[in-house]
Structures are given as C-alpha cells and as structure tokens.
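Colleague: Sequence:
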Amino acid sequence: AAAHFSFCRSLLEHTVSAENLSYRLQRNPGSSLTWHDGRSQRADGGRTVKLLRQPGTEGSQGRACDHYGIYHTSPTLGSLAKPVVLWTQQDVCKWLKKHCPHNYLIYVEAFSHHAITGRALLRLNGEKLQRMGIAHEVQRQEVLQQVLQLQVREEVRNLQLLSQASFGNVS
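Numbering of the sequence shown is given in UniProt numbering, commencing with residue 1 and proceeding in unit increments.
Calculated directly from the structure, the hints in this document are not laboratory data. Note that the structure is predicted; figures quoted are calculated from it, not measured. Among the clues, some could well be false.
[What the hints assert, rightly or not] Distance condition first, Cα-Cα at most 25 Å in a straight line; then the derived BS3-like pairs of lysine-lysine: (1) K97 to K128; (2) K98 to K128; (3) K128 to K94.
[Claimed, not checked] Label-pair distances were calculated between CB atoms; the ranges are: (4) V152 to T88: 40 to 46 Å; (5) A165 to E127: 33 to 39 Å; (6) S112 to S166: 35 to 41 Å.
All C-beta atoms, glycine included, are put in the ideal place defined by N, C-alpha and C.
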C-alpha cells in the first residue's frame, strides 16, 4: 500500500506519492521547531504530521527538505504534541469534548459558529464567551477554568522546549 502525502498551501493542494519522494524528513535531536509554514502531511494511520522549519534556516539556499522537522500531532507523544496555537477548529472541538463534557453541545455549537481555533481559544475571556452566546456564568467559568489549565500546560511546554533548545546549543 503506497502512502500519499498532501501538501497544502492556502487553497492550493498538491498530492505527492511517497514513491516520488527521494529524501526523508528528519528532526535533529535538541533542535526546536518554531516556524510553521502551513504544510502538513497525513501518515498511513490517518495521523496528521506538521512540517516545521528549523530555526535559522529561513534564508538558507539548501534543499527545502533539509530544513524541515516532522512534528507529530498525536496527543500520546507528550512534548511533541501539536502546539495549541496550531490547533484547527476540529482540534478545539475534540478538546472541548474531553475537557468540558457536561455542556459540550452548547460549547461546540458556539465555538463552531465563531470558528474558534487554538490561537483564539487561548485568548478567550468571559466577555468573549458571553458574546459567543454562552449566557450562563457557570458555563463560562467552566470553559475559562479549562482554558487557564491549557494556557499553563502550553507555557510549561514552551519553557521545556526553550530549555531543551538552550541545552542543545551548549557545546
């Protein structure tokens, strides 16, 4: 069974067969993955993989494949989980289902209607939730409590990545 990868850029999509790829994308140990150019690929198991540019390679003239690391989005991979700022609306809905199950249908309708992505999720506050139609204070507090915990987890993750990058740069 041949694996196929889709590379998306804005609304233009190209499908590339794995047999046509003459190189492997690798992540160098200790490197941090901080720059995202919107490319993604789907592995055989249906798991999305983001391709992120290695820091300091933006102006390099080498082959493009030399500057990308694979960024797995599987939640089981711990520190390699996709950053919240890169979450799609679907990722946010999955998060809502897991962390706010009691009023999930109310939340998912409002979040879908307002196209809430991970970046927007991290910026939510009580006033924004009220404008989105979540009228009950208790419901807004439930969502905000979970968002706060998510913000803390993201900060810890970012600090870990920074410390790994700093440690990797020490000779």
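Colleague: If a hint holds in the structure, say so; if it doesn't, say that too.
Modeller: Hints, verified against the model:
1. Among the hinted pairs, K97 with K128 is consistent with the structure: their alpha-carbon atoms are about 20 Å apart, no more than 25 Å.
2. The hinted pair formed by K98 and K128 meets the criterion: a straight-line CA distance of about 21 Å does not exceed 25 Å.
3. The hinted pair formed by K128 and K94 meets the criterion: a straight-line CA distance of about 20 Å does not exceed 25 Å.
4. The hinted window of 40 to 46 Å between V152 and T88 is violated, with their beta carbons roughly 22 Å apart.
5. Between A165 and E127 the C-beta distance comes to about 36 Å, which sits within the given range of 33 to 39 Å.
6. In this structure the supplied range 35 to 41 Å holds for S112 paired with S166, their Cβ-Cβ distance being about 39 Å.
Comparing the model with each earlier hint shows a violation of hint 4 alone; every other hint is respected.
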